[in-house]
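Peer 1: Chain by chain, the residues:
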Amino acid sequence: MTRQVVFPVTRMHEPLRVEVEVQNGRVADAWISGTMFRGFEFMMVGRDPRDAVLFTQRICGICSSAHAVAGGLALEQAFGVQPTPDGQLLINLILAADFLQNHLRHFYLLAMLDYVTVDGMPPFAPQKNWDLRLPKAVSDTLVDHAKKAVQVSAKAHSMFALFGGKAPMQQTIIPTGVSHIIESDRIMAYSSMLKEVLAFIEEAYIADVLTIAQYYPDYYELGAGYGNLLSYGMFLEAGERIFPAGVAIGKGAVAGLSLSDITESTHASWYGDQTGSGEMQLNPDKEGAYSWVKAPRYQGLAVEGGPLARGWISGEYHRGVSVMDRLVARAKESLKIAALAEKWLGKLAPGAPAFQVYTPPERGEGIGLTDSMRGALGHWLAYENGRITRYQIITPTGWNFSPRDEKGLRGPVEEALIGIPVKDPENLVEIGRVIRSFDPCFSCAVHAFEVPSAREGVK
Amino acid sequence: MLTRRNFIKLCMSATLAASLSESILPVLRQAQAEKQAEKPPVIWLELGSCTGNSISLQNAVDPGLDEFLSQAIDLKYHWLLNTVQGQDAVDILLDTVHKEAGRFWLVIEGAVMTAANGRVNYVFSNQDKMVTGLQAIEEFAAKAKYVLAVGSCAAFGGPSAAYPNPGGAVGVEKVVRDKPVINIPGCPANSDWITGTMSHLMLYGIPELDSLHRPKLFYGRTIHQLCQRRQLFEDGIFASFPGEAGCLYKVGCKGPTTYADCPLRQWNNHISWPVKAGAPCIGCTSPKFPDSSMPFYEHFPDISTPSTRVSVKKISAAFVALGVGVVGTHLAAGVFSRRIHQHFLDGTKPSDPTPPENLAEVKQELDDLIRRQNALLSETKQLETVAAKEKKSWARRVADFWRTEDKDGK
Numbered sequence: 001m002t003r004q005v006v007f008p009v010t011r012m013h014e015p016l017r018v019e020v021e022v023q024n025g026r027v028a029d030a031w032i033s034g035t036m037f038r039g040f041e042f043m044m045v046g047r048d049p050r051d052a053v054l055f056t057q058r059i060c061g062i063c064s065s066a067h068a069v070a071g072g073l074a075l076e077q078a079f080g081v082q083p084t085p086d087g088q089l090l091i092n093l094i095l096a097a098d099f100l101q102n103h104l105r106h107f108y109l110l111a112m113l114d115y116v117t118v119d120g121m122p123p124f125a126p127q128k129n130w131d132l133r134l135p136k137a138v139s140d141t142l143v144d145h146a147k148k149a150v151q152v153s154a155k156a157h158s159m160f161a162l163f164g165g166k167a168p169m170q171q172t173i174i175p176t177g178v179s180h181i182i183e184s185d186r187i188m189a190y191s192s193m194l195k196e197v198l199a200f201i202e203e204a205y206i207a208d209v210l211t212i213a214q215y216y217p218d219y220y221e222l223g224a225g226y227g228n229l230l231s232y233g234m235f236l237e238a239g240e241r242i243f244p245a246g247v248a249i250g251k252g253a254v255a256g257l258s259l260s261d262i263t264e265s266t267h268a269s270w271y272g273d274q275t276g277s278g279e280m281q282l283n284p285d286k287e288g289a290y291s292w293v294k295a296p297r298y299q300g301l302a303v304e305g306g307p308l309a310r311g312w313i314s315g316e317y318h319r320g321v322s323v324m325d326r327l328v329a330r331a332k333e334s335l336k337i338a339a340l341a342e343k344w345l346g347k348l349a350p351g352a353p354a355f356q357v358y359t360p361p362e363r364g365e366g367i368g369l370t371d372s373m374r375g376a377l378g379h380w381l382a383y384e385n386g387r388i389t390r391y392q393i394i395t396p397t398g399w400n401f402s403p404r405d406e407k408g409l410r411g412p413v414e415e416a417l418i419g420i421p422v423k424d425p426e427n428l429v430e431i432g433r434v435i436r437s438f439d440p441c442f443s444c445a446v447h448a449f450e451v452p453s454a455r456e457g458v459k
Numbered sequence: 001m002l003t004r005r006n007f008i009k010l011c012m013s014a015t016l017a018a019s020l021s022e023s024i025l026p027v028l029r030q031a032q033a034e035k036q037a038e039k040p041p042v043i044w045l046e047l048g049s050c051t052g053n054s055i056s057l058q059n060a061v062d063p064g065l066d067e068f069l070s071q072a073i074d075l076k077y078h079w080l081l082n083t084v085q086g087q088d089a090v091d092i093l094l095d096t097v098h099k100e101a102g103r104f105w106l107v108i109e110g111a112v113m114t115a116a117n118g119r120v121n122y123v124f125s126n127q128d129k130m131v132t133g134l135q136a137i138e139e140f141a142a143k144a145k146y147v148l149a150v151g152s153c154a155a156f157g158g159p160s161a162a163y164p165n166p167g168g169a170v171g172v173e174k175v176v177r178d179k180p181v182i183n184i185p186g187c188p189a190n191s192d193w194i195t196g197t198m199s200h201l202m203l204y205g206i207p208e209l210d211s212l213h214r215p216k217l218f219y220g221r222t223i224h225q226l227c228q229r230r231q232l233f234e235d236g237i238f239a240s241f242p243g244e245a246g247c248l249y250k251v252g253c254k255g256p257t258t259y260a261d262c263p264l265r266q267w268n269n270h271i272s273w274p275v276k277a278g279a280p281c282i283g284c285t286s287p288k289f290p291d292s293s294m295p296f297y298e299h300f301p302d303i304s305t306p307s308t309r310v311s312v313k314k315i316s317a318a319f320v321a322l323g324v325g326v327v328g329t330h331l332a333a334g335v336f337s338r339r340i341h342q343h344f345l346d347g348t349k350p351s352d353p354t355p356p357e358n359l360a361e362v363k364q365e366l367d368d369l370i371r372r373q374n375a376l377l378s379e380t381k382q383l384e385t386v387a388a389k390e391k392k393s394w395a396r397r398v399a400d401f402w403r404t405e406d407k408d409g410k
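Residue numbers (my numbering), protein chains in the order written: chain C, 1 to 459; chain V, 1 to 410.
Read the hints as simulated data drawn from the structure, not as lab findings.
Mixed in with the good hints there might be a few duds.
[Said to hold, decoys possible] Calculated pairs, DSSO-like style, for lysine-lysine (alpha carbon to alpha carbon, straight line, at most 30 Å): (1) V/276 to C/347; (2) C/148 to V/174; (3) C/128 to V/129; (4) V/39 to C/128; (5) V/363 to C/423; (6) V/174 to V/363.
Same shape as in the complex, but just chain V (with noise of 0.2 Å):
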């Protein structure tokens, strides 16, 4: 059997012809025949979600979706594929909570909806009494061997969870706290992603996790390192609006700070991905996403929110009038009401659901923010330093890089 060195370097591969699946499904095939690993049984639920990741499984291409079915996992519940409905489906799911405790996955798409103590998100009813989504995961995830959170409205809380988050839309992580949730975050999370973390749980166990718990296999990098249009950044060449040849970054391209390996795997069996159609990527593997990467077609020193917006220059701007160290008035409370985010440059680190609650946390969370500053000024200065070695009008190209206003000077 394949070692779990030789797996993860399939998985990481960029030169795979074909979809991950069907690279691994016969590995699959060969360690169920050896008895080394068995076919899980898993529990699908949805909760407050689009189905996209549910569509996106079904995009797996060479072999898809049946095959994965029957070679792979028994996929005991997903009210999207069952034949049975009502009770009946109610039953399945119930008796293989029960019958399986210990031993079954459980998948939830989407984000769990706390408003209304959940009432906002009703999943099933069982002998005519109403079951939230809630309740059901707060009691499903305790008897569940592995539990996966797809997408990033599970993962994270997702577009389920922008502000002003009406439905109070949590990832499952905020929920089941006495047990590892794997993420598999994306919007929605590509099929690889998905059969590639289940193949690695069947046959070695929970894959190497980053510290937001999504696998390091497919997480492990930024969007920018893998980019093809990076050496366009490193040569100054950007586009000033989505479509254009040149480094998306100036019209809004969140690759530096996404972890995910889209430039190499792509999308729909290697037919695309975002920044190879002309369009920047929108960071949608992160946490805090949409709210951390929006407006979508801002490049990323502007943090911006529905309800404020503060620019990397402003903030500089105000560290030198009041002295680095000095609490601003307005940043305290940027900071405080969660505005500015924490994910701008340290894309694994922890998301941390509470505000701060005293003065001391607020000023560590500044000094974080400084640091982070700090990283990125250096990072634009390095790229100053690429673009001044440059004989022709350097000045005019860092200028029109520090350009936030349109041709019309707006």
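Isolated chain C (complex conformation) (with noise of 0.2 Å):
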């Protein structure tokens, strides 16, 4: 029995450690550790509710929109305003150039230089891998779609910026839809750099995947872990979700969601015991600690978010749970996403109202939640006299990235990779497919509050 530590995981936003016991060739337990704490909740309490969105998209530079989406959930919620049917479309086309940037940049920045031979410049070269099945033809085909998915990815925040001002980090979406005035020359741009984005997931990124699929099969079989299945949803049109909410328990039927069945656990996180006053104590010498990563948990589960997750909950994806599963549920997500933008920007009239002129009442609560490109986002805010008193926030790599809780149970990330076969105990190449897999970004996985005891289901 060997104990092997990987730190850095590369290949991700922001640090991972994990550390695994390796039993007969075989992973037999693993720790996942957060290794870096900012805290932007402590941050947000008595600052101007509307700076909310535009304060809390800081957290993340890979899925800043999707923390401006909830932030102006949780604002409209409060302020009781909604946003203009147009300003909503930007909002989603927002939403959805974010969704096809990372999604590119996750398979083919990250993920898939695990599967094909790399060589040439610094970073991709030197490269240590001993299951390299791709041919070399076949290889350097994918090798040169990724140069392309460099462009390719940059167009797709061109996109973003349309609207949005600049990217990363947007600057117009307010509670009651988007700073930016609608104009042809604009829908014009996004729809031809979109066609070009489409046509690039159409013809090389899902062949792409499937490529790896095919060569990779027992990937199939490995990763899977609890199969819990959660998501909030996204895209709003009509009040409507179009990726519905819901949850799925060991790769079960779909359920409705129940905020209050969301609990939090800072057993293994590196946070000293509640105060009355919610405030959390910074303990680095915790004993049993090993993470700045709190363990959220539904209805005491573990589980995991993401295009699979959603794919899984709206119906469209049910052929099981796994590492290859999630690369493949990422892929055909983009295509429906962009599928989405297309239709959402044949919706949009120029010279509509993008806003509405707004004053926010003197007091409010809000809860704001969407899915992000991995997995499911919550923001919950409470104001008085203009200033935030409480601010909340629960995100995706949260969700999956968490560590043990009070039972000891493992989360979602660090449970699929028990039973992963490992060959070379010196180069886990194996481990880092399976948390690749999850699309892993640490920007957002700190946080240090409590959450409210939320009554509300999700719409």
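Take the two lone chains and join them into the complex the hints point to.
Peer 2: Encoded structure:
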């Protein structure tokens, strides 16, 4: 029995440390640590609630717009306002462009390099991988596509900037819509760029994922974990979520979501005991703790989110839960989102009001739930006299990469690592593949407050 | 080869039809062919950050990241991109530090997290020994040829250091004291600012910096100076809500104190920039961002942090009441706790991290504050004069400009 540490697990956003116990050539146990703390929720208290959209998106540079949308939804509820129909379309188009950017970059720059032969320049060379199965010609094609994908994903961010002002970190989303005037030339430009991105997804991305799946069929059997899937749903249209909210336990039937079933544990996180004020003390010396990430649970269970969970809950992907299923579901979702964006673009009317003027009431409370690229994202806020009194965020990486809770229940990714065969304990190629299939981003993972007792369901 | 003068012209040119890197790469290629510039080994270290600046670099267009990496720099270590992982990646990092000492560039993204002696931010482990970001930067910076702080967190602490700064985030300059740090702030930094600064370093060495160590070729002028809506400001036509036509000053634009060339360069391959998209500038290249520019949607004489709000009018009233030179306790307390930021008018003044320790220093700060206040008042006076020249209901316009309450009288 040996213990191995991989830190940093590269090709992901912000650091992740993983420790595995290997027994008889398989992973017997695993511990995943988020090793950076910033404490955004502490910072939110005392600020103007209108700033929540622009401030909280600074949590994450890769999924900035998802935080903006979640913050915007929380403010809508707190202020009692609604986006205009065209404003909602613009919000969707900004978020959609960010999804396309993220999914392309995740596959071609982060995940794919586990399966293809790369040579040439640093930081891509050197490569130490004993399990490269693609013939050279096929591998070279995929690497060529990766170079193209760098440009196409930048184009997706240009689409984002068309209505968001700049990318990453858009600046136009407000609770009643988007501050950008709807102009025909912008619609044209978005449409033209979208066609290019869509063509790349259809011609390269989907095929490349399936190529890898063809050469690595064993990864359809690896990294299943609990099979507990959760999504808050996303992309609103006329008050309805186009991707529905829901939860499926143990790859089972899809059930509705009840927010009061969400709890959070700090058992294995570096925080001291909670005081009555709701404030959390940092405690890097805490016995038994190994991560800055806390452990959210749904009905006491560890659940995972992301494109696979969304596909499962919307009834569009039921092949299985595994490393390869996550990659395939992400590619299929890109196609769906690109098609949706095309539809929304067609509904936009030049000159239609993209926002309306509002005056925030004295006090308010709101919950903003949406899925981000990598899973379920929730913002909870309360404010009084124009100042935020409480702000809580539960991030997708909190769900996916949570550590153990009081009952010793492993987080979803820790569980997915159990039983993974290990050929060379000094070079844990398989472990990296499992972890990267979740599209990890530890920028957003760490936060420091308790979940309020929320009672409402998700629309 | 391009002269330095022409290079700067190229970078500052408003008429560039394409991204900056497209114009610069051929020059670099030529210089490298003539052996005037060599491909420098680069270590990109992420500390307390959101990865936004790496994403911004990936947004470089025509040519993109791929070509910049193959033709401009040797990016030895960046955990977002390294194919190898764990100890193999750490070996590359440490090899570069030791073998290329004095040659490699250290690029820092994210603030240095100092709480719990840096233990809130481990960045790698070497032979099972955990290393914090604070330790890494202290060790590596001493051996680096250049230290670049990319993004506002690395440059000044940025959002990671927002009040009450639970992670103890500070800018790289606060930790690396024996070596000049080149700051490329922004939230995130525009990809052109990153590639442009790196290209200048390669060809001509350190570019001319302002007092906050930002390259003047990108941060030499204010947003306000370059803004397409500047004429609307002069004409006194103001938007009363983000997204409306008119100058966005009254809905919180921090353009007058923010040094960056966004209006000219724009973002994501010349697509847009916030004011063009109807959103006020939030001053993301300034020191003490975001605290110094929040609330984002309040116009900027309102000085505000999570715990206090002092408007220019109140400050002026206080001076009238007490007599200028008398230290009002309220103001003194504000200065003491660093709640009143110095950078509202003087964006290029270096930030001073230590609170004043004695009365003389407090007085000095207050004098500075008064000086800036006067400058601000004279600027608005000018505005009033312009408005006064307008025949049509000028008094209403001035009153409207100073009106801080909204339509409901709040």
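Peer 1: Next step is simple, just say for each hint if it's right about the structure.
Peer 2: Verification of the supplied hints:
no.: 1; hint: V/276 to C/347; result: holds (23 Å)
no.: 2; hint: C/148 to V/174; result: violated (40 Å)
no.: 3; hint: C/128 to V/129; result: holds (22 Å)
no.: 4; hint: V/39 to C/128; result: holds (24 Å)
no.: 5; hint: V/363 to C/423; result: violated (69 Å)
no.: 6; hint: V/174 to V/363; result: holds (25 Å)
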